[in-house]
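J.: Letter by letter, the chains look like this.
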Amino acid sequence: MNPTEAYYESSRCLFCYDAPCVQACPTHIDIPLFIKQIQTGNISGSAKTIFESNWLGNACGKVCPTDVLCEGACVYDNQHVPVIQIGRLQNFATQTMIDEGSNLCKPGEGRNGKIAIIGGGPAGIACACELRMLGYQAVIFEAKDRPSGLTVHGVAPYKITNEEVLAEVDFLQQQLGFEIRYGQQISSQEDLQAIEQEFDAVFLGVGLGATRQLVLPGEDKKNVVGAVEFIEDLRMQHHRIKVPDRVVVLGGGNTAMDAASESARMGATEVTLAYRRSRSEMGGYDFEYELAKSVGAIGLFNVTPLEILGNERVTGIRMIRTSTANGKVVTIPDSEFEISCDMVIKATGQAKQGSFLAMIEGLELDQKKRIVVSSDNYQTTNPKYFAGGDAVNGGAEVVNAAYEGKMAAQGIHRWLESKQE
Amino acid sequence: MPDLSIDFAGIKAPNPFWLASGPPTNSGYQVMKAFDAGWGGAVWKTLGVPIVNVSSRYGSINYRDTRMAGFNNIELITDRPLSDNLHEIEEVKKHFPNHAVIASLMVESRDEWEQIIRDVENAGADGIELNFGCPHGMCERGMGSAVGQEPVVLETIVGWVMEAAKVPVITKLTPNISHIVDPGLAAARGGSDAVSLINTIKSIMGIDLDTYAPYPIVDNKGTNGGYCGPAVKPIALEMVKELAQHPEIRHMPISGIGGIETWRDAVEFILLGASSLQICTAVMHYGFGIVREMKTGLLEFMEQKGYEKISDFVGLALPNVTEWKHLNLNYKVVAKIDQEKCIGCQLCYVACDDGAHQAIRVIGSTESRVPEIIEENCVGCNLCALVCPVEECITMEHRDQGIAPVTWDELAERGKIPTTFDDDLAGGKGHHVPRPEEAFKFRK
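Line by line, the protein sequences give chains A and Z.
Residue numbers for the first sequence follow our numbering, so the first one is 400 and each next one is one higher.
Residue numbers for the second sequence follow our numbering, so the first one is 591 and each next one is one higher.
Bear in mind the hints are in silico, worked out from the structure with no lab data behind them.
Using N, Cα and C, we set each Cβ at its ideal position, and we do this for glycine too.
One should not assume that every hint holds.
Here are the simulated DSSO-like pairs of lysine-lysine, each with C-alpha atoms no more than 27 Å apart in a straight line [what the hints assert, rightly or not]:
id, chain 1, residue 1, chain 2, residue 2
1, A, Lys620, A, Lys447
2, Z, Lys1006, Z, Lys915
3, Z, Lys931, Z, Lys823
4, A, Lys818, A, Lys783
5, Z, Lys792, Z, Lys683
6, Z, Lys823, Z, Lys683
7, A, Lys435, Z, Lys602
8, Z, Lys1031, A, Lys435
9, A, Lys558, A, Lys435
10, Z, Lys792, Z, Lys623
11, A, Lys558, A, Lys543
12, Z, Lys1034, A, Lys505
13, A, Lys435, Z, Lys931
14, Z, Lys915, A, Lys447
15, A, Lys641, A, Lys543
Here's a subset of chain A near chain Z, in silico, CB distances under 8 Å, partners left out [what the hints assert, rightly or not]:
id, residue
16, Asp417
17, Pro419
18, Leu503
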């Protein structure tokens, strides 16, 4: 969005009372205010309004599913008038400030307290920023060599570039001065003990793990890949990826849609999106599915894989038709069929970080292996540990992680304050 | 088809849409182009002893994404030699004998007035307009609004002009005065054939927030200019009405000026007593082609209402413009929200609660954002309907009180008006107002 478009688009905002877009935003950004600030040429004020609520405001402007969040709630839709392009306006304000390298925020007055953040994804970054604003020291331990987790490794490349993601983290780090230690996989009791000794509290923003195994015959063949790994490869070594002609994507969530869209964009001529339930039960957003279809992906519903075929390399997949009875998927006897393909992408969910989490004393997980936290301060059942993001919510949007990280920082602050009393 | 032609104080024109004196009438080229585009007349850029202009000259008020909702200028009268202008007036009249060409004039001495009147009449001008209005530059030298603000001086100069002029004379009035009737009466006493109003309003358009210089900026300084454009229309309409209702002024035809941009604006001026219309800012914004919309709209309106000529509806709104004391105090309207049309922005709620009379409530649930009118609190002020972004969603419904109309004047005669500070007759006595501490329920 250029300044002229931002000027005209911001003019349209009605400045609703108790605005539905604010309610629909997981971080409750004061959207009418930041739009009015754009309108009046107060771009730095606008960016401050955004970052005050969401430390990944720039990335969220691009990667948020705005159709189902803020923009989906815009009252213009009730009038059949195009809704305000909130995501693009948000990105305009924050990107302008990032490009200018403006100083928007100062860390708070130094407080005693040092917090370790395990995982430099959106939850961890947001937590670090908020802790710095509160005056604490914050150190992020990141296993990989780049910050911001799935925002840079796991979001479909058409949504946001690596440079944009990294520039925002740089921008925040320069102003707020939190530390990120890269290549720091925390994998042993000793590692954890060292952290516990050095730091007053720990935030777990560890996200989810690798793509879960389907336990299918032939799953170990070449060209059978996990969607998360596929997208990460696309983002990190785009020039080395060659997507073959025929691709089958297994799954019905947004990651499946991304994998299907990106395969087609990378040159696959036949992309089949195979999901075990019906179209209407699919978890992926409608606009993501439409986007995948628009680049050539074809949906195949009520099918589930039985075996991956081929010798060393995939040559096809044997599937069976399904139906849903009482909410459960059941296979239909004698309905097996085969699809020829050169690649199978599994977008069937990520495993949890179970073995890592098991090392933390007294840390309770729920039935789905999510970390149990208190809803008001994001504290885990081990009082020194707080948590947020995918490891807590089971896998949601960047914006949810950003909110939970921020809230956890405030929870840590209140907990440390109460300990001092 | 209705006839748009007019005879304004003896000046004939094919339609009532005239270019007002200003930048669009600076040259014969522009005036001829305008006549070809459909304009009925033109008041030439004010003639006199030519001046020297500054750069820059114009300023604008932009409302959100709307450019030039208001406009101002610090340009003076013509900076071109009189002889060039006279030649071009002659040329225009040769090509357009049936269009109205009116020479706007501004000079100082009686001799100058007499000479310039002779010159423009010889060039073929159909009428003369006396520029007693410009609120910038010329007034510093005792001309323009300096004349318009001094009824005695104005009357004297009109007197000189009337003795000299053979063509009809229009006196153009400045709004930079507390009571427009005073210069209006002076023009009438001087014998002017007609009046035109309003000229521009003394104004500063804004301040540059880096240099602290006022707009329009001339080498980091600025001066007050003349304000015009759509934003000034309400002021112009009121002043036109004042003159059109006055028994000693209303015999003079009125040429309405001030923010006219559409046929609707034109009709409103006519309904309040104008019988010709002058337009400048709209042309400066959109070019001469804007007259197409005004003419077609006016024709359509006349056809629908069954009017054959403009004079059929001049001043028809005047009987409805009365003094406050004659308004019916027993008339009641209340707001009504169309549940189907409401989009849930709740602007009406917050406008009423914060800016008016706390007569709208929101349920506060997420399933319905449609606000509710609290009819017993509603004073019928219109604010909710005005802020509502949906056409016809909030309407003001008449509630028959079952009581005879009564005005303040009538109540006063009967001794039924409040006269003491805590009078029981106060209109708002007992009217619902939330307790002050209820404000705290909104604290976060």
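J.: Given the hint that Lys931/Z pairs with Lys823/Z, does the C-alpha gap stay at or below 27 Å?
T.: 31 Å, violated
J.: Can the hint on Pro419/A be confirmed by a CB-to-CB distance to chain Z that is less than 8 Å?
T.: 7 Å, holds
J.: For the pair supplied as a hint, Lys915/Z and Lys447/A, confirm whether the alpha-carbon distance does not exceed 27 Å.
T.: Answer violated: Lys915/Z to Lys447/A is near 52 Å, above 27 Å.
J.: Are the Cα atoms of Lys818/A and Lys783/A separated by 27 Å or less?
T.: 11 Å, holds
J.: Between Lys1006/Z and Lys915/Z, does the CA-CA distance stay at or below 27 Å?
T.: Roughly 14 Å separates the two Cα atoms, so the pair holds.
J.: For the pair supplied as a hint, Lys641/A and Lys543/A, is the alpha-carbon distance within the 27 Å limit?
T.: Distance ~24 Å between Lys641/A and Lys543/A Cα, so the pair holds.
J.: Lys558/A and Lys543/A: Cα distance at most 27 Å?
T.: The given pair, whose Cα atoms are some 22 Å apart, holds under the 27 Å limit.
J.: Given Asp417/A as an interface hint, is its Cβ closer than 8 Å to any Cβ of chain Z?
T.: 6 Å, holds
J.: Is the hinted pair Lys792/Z and Lys623/Z satisfied, with a Cα-Cα distance of at most 27 Å?
T.: Not satisfied, since the Cα-Cα distance of roughly 31 Å exceeds 27 Å.
J.: Just to be careful, I want the Cα atoms of Lys1031/Z and Lys435/A compared with a cutoff of 27 Å; is the pair within it?
T.: 26 Å, holds
J.: Going straight from one Cα to the other, do Lys558/A and Lys435/A come out at no more than 27 Å?
T.: 26 Å, holds
J.: With a cut-off of 27 Å on the C-alpha distance, tell me whether Lys792/Z and Lys683/Z pass.
T.: Violated: Lys792/Z and Lys683/Z sit about 34 Å apart, past 27 Å.
The structure shown violates the earlier hints numbered 1, 3, 5, 6, 7, 10, 14 and 18.
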